[in-house]
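K.L.:
Sequence:
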Amino acid sequence: MTKLLVLIFPAFFYFSVGAATPPVLFNKLEAAVNKTAILYSDVLLFKKTLPLRTQLDPLFNGTPLAAKGTQASNEEIIDFLINEKIILQQFLIADQETEQAITAIQTENKIDRARLKKALTDQGFSFDDYFELIRISASKRNLIDRDIRTKVNISDEDVKNYYYNYYAKGTNIPFVYNVKIITATKESYKTPLATKDVIYRAKKKILDGEAFEEVSKQLSDHPTASTGGDLGELTEDQMSPQIREHLKKMKLGEVSDVLGNYQSGFFILKLSAVKTSDQERFLKIQEEIRNHLLTLEFQRQIMLWQDREKQKAFIYKAKQK
Numbered sequence: 001m002t003k004l005l006v007l008i009f010p011a012f013f014y015f016s017v018g019a020a021t022p023p024v025l026f027n028k029l030e031a032a033v034n035k036t037a038i039l040y041s042d043v044l045l046f047k048k049t050l051p052l053r054t055q056l057d058p059l060f061n062g063t064p065l066a067a068k069g070t071q072a073s074n075e076e077i078i079d080f081l082i083n084e085k086i087i088l089q090q091f092l093i094a095d096q097e098t099e100q101a102i103t104a105i106q107t108e109n110k111i112d113r114a115r116l117k118k119a120l121t122d123q124g125f126s127f128d129d130y131f132e133l134i135r136i137s138a139s140k141r142n143l144i145d146r147d148i149r150t151k152v153n154i155s156d157e158d159v160k161n162y163y164y165n166y167y168a169k170g171t172n173i174p175f176v177y178n179v180k181i182i183t184a185t186k187e188s189y190k191t192p193l194a195t196k197d198v199i200y201r202a203k204k205k206i207l208d209g210e211a212f213e214e215v216s217k218q219l220s221d222h223p224t225a226s227t228g229g230d231l232g233e234l235t236e237d238q239m240s241p242q243i244r245e246h247l248k249k250m251k252l253g254e255v256s257d258v259l260g261n262y263q264s265g266f267f268i269l270k271l272s273a274v275k276t277s278d279q280e281r282f283l284k285i286q287e288e289i290r291n292h293l294l295t296l297e298f299q300r301q302i303m304l305w306q307d308r309e310k311q312k313a314f315i316y317k318a319k320q321k
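For the sequence shown, position 180 matches number 180 in this note's numbering, and the numbering has no gaps at all.
Among the hints, erroneous ones may be present.
DSBU-like cross-link-like pairs, simulated, lysine-lysine; straight-line CA separation at most 30 Å [said to hold, decoys possible]: (1) Lys-321 - Lys-310; (2) Lys-204 - Lys-160; (3) Lys-151 - Lys-275; (4) Lys-47 - Lys-321; (5) Lys-28 - Lys-151; (6) Lys-47 - Lys-310; (7) Lys-317 - Lys-35; (8) Lys-217 - Lys-196; (9) Lys-28 - Lys-312; (10) Lys-48 - Lys-110; (11) Lys-118 - Lys-48; (12) Lys-47 - Lys-317; (13) Lys-203 - Lys-110; (14) Lys-196 - Lys-160.
None of these hints come from the bench; they were simulated from the model.
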């Protein structure tokens, strides 16, 4: 049931709660989101229904709060409930919709209401606990479907980048690198200043959004300039020590700073792609990596959405002792 704020909140008050909430005599206002209060009893209920929430809440598992579980502080739970209230207010789910969702679950699992209630009771939960968590679940799924899902996309390059930087980097697995280069050398320019000016103009163009390949065609004096600076595929043994040292620190798609000097030549590198000889291992875990990245990106987009909505909401939070 929605709890409406009044103009003046007493700091503490006696409160008789329903069967779904652990009984508390001394109930404290912990926070408020617009016209909805968050009480100490809500924190207790959150702790009580934590195992049920892990099964039903689509935005709970994988969060720092879920990892802490019952060890989470009251303040962490209150912050979570504030975010949850914002979602519930934006994506209202009526009792009838919640009832329809539960009926659909019963049909899918071929159980009637009596058996569902008994199963909940056996686990220490009430039907009211379950009803409210189904409502919360439906509200959050609406947020995901309407506002979040279209913003989340993990490309094959994202998966490869993650594998390269977090799984394979630092191991003895041999790599093949696709590298592009822009150079400015003393053979092409009369003075160190002129050489330096060209390479830094190239870097500025890249920073301003021009494609590395186009800048290479315009300014590079490397033999590969006409092909966008493409050095092709190189193993570590085929690279100069200077290039190898910098490439091993770079991420996929990354463009280096200006490297080298006037005597050896100035250059800029782009790491376009990396292949590994351990392709079998990559194929086995690529979907695991993709799902992990999807989870992280969903959480990031949800946090961005919540931050935007918080800017528009009235939020009160009591000080925690």
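K.L.:
Each hint needs a verdict: does it hold in this structure or not?
P.N.:
Going through the hints against the structure:
{"no.": "1", "hint": "Lys-321 - Lys-310", "in the structure": "holds (24 Å)"}
{"no.": "2", "hint": "Lys-204 - Lys-160", "in the structure": "holds (28 Å)"}
{"no.": "3", "hint": "Lys-151 - Lys-275", "in the structure": "holds (28 Å)"}
{"no.": "4", "hint": "Lys-47 - Lys-321", "in the structure": "holds (19 Å)"}
{"no.": "5", "hint": "Lys-28 - Lys-151", "in the structure": "violated (39 Å)"}
{"no.": "6", "hint": "Lys-47 - Lys-310", "in the structure": "holds (24 Å)"}
{"no.": "7", "hint": "Lys-317 - Lys-35", "in the structure": "holds (13 Å)"}
{"no.": "8", "hint": "Lys-217 - Lys-196", "in the structure": "holds (17 Å)"}
{"no.": "9", "hint": "Lys-28 - Lys-312", "in the structure": "holds (25 Å)"}
{"no.": "10", "hint": "Lys-48 - Lys-110", "in the structure": "holds (27 Å)"}
{"no.": "11", "hint": "Lys-118 - Lys-48", "in the structure": "holds (18 Å)"}
{"no.": "12", "hint": "Lys-47 - Lys-317", "in the structure": "holds (19 Å)"}
{"no.": "13", "hint": "Lys-203 - Lys-110", "in the structure": "violated (64 Å)"}
{"no.": "14", "hint": "Lys-196 - Lys-160", "in the structure": "violated (34 Å)"}
Hint compliance for this structure: hints 5, 13, 14 are broken, all remaining hints hold.
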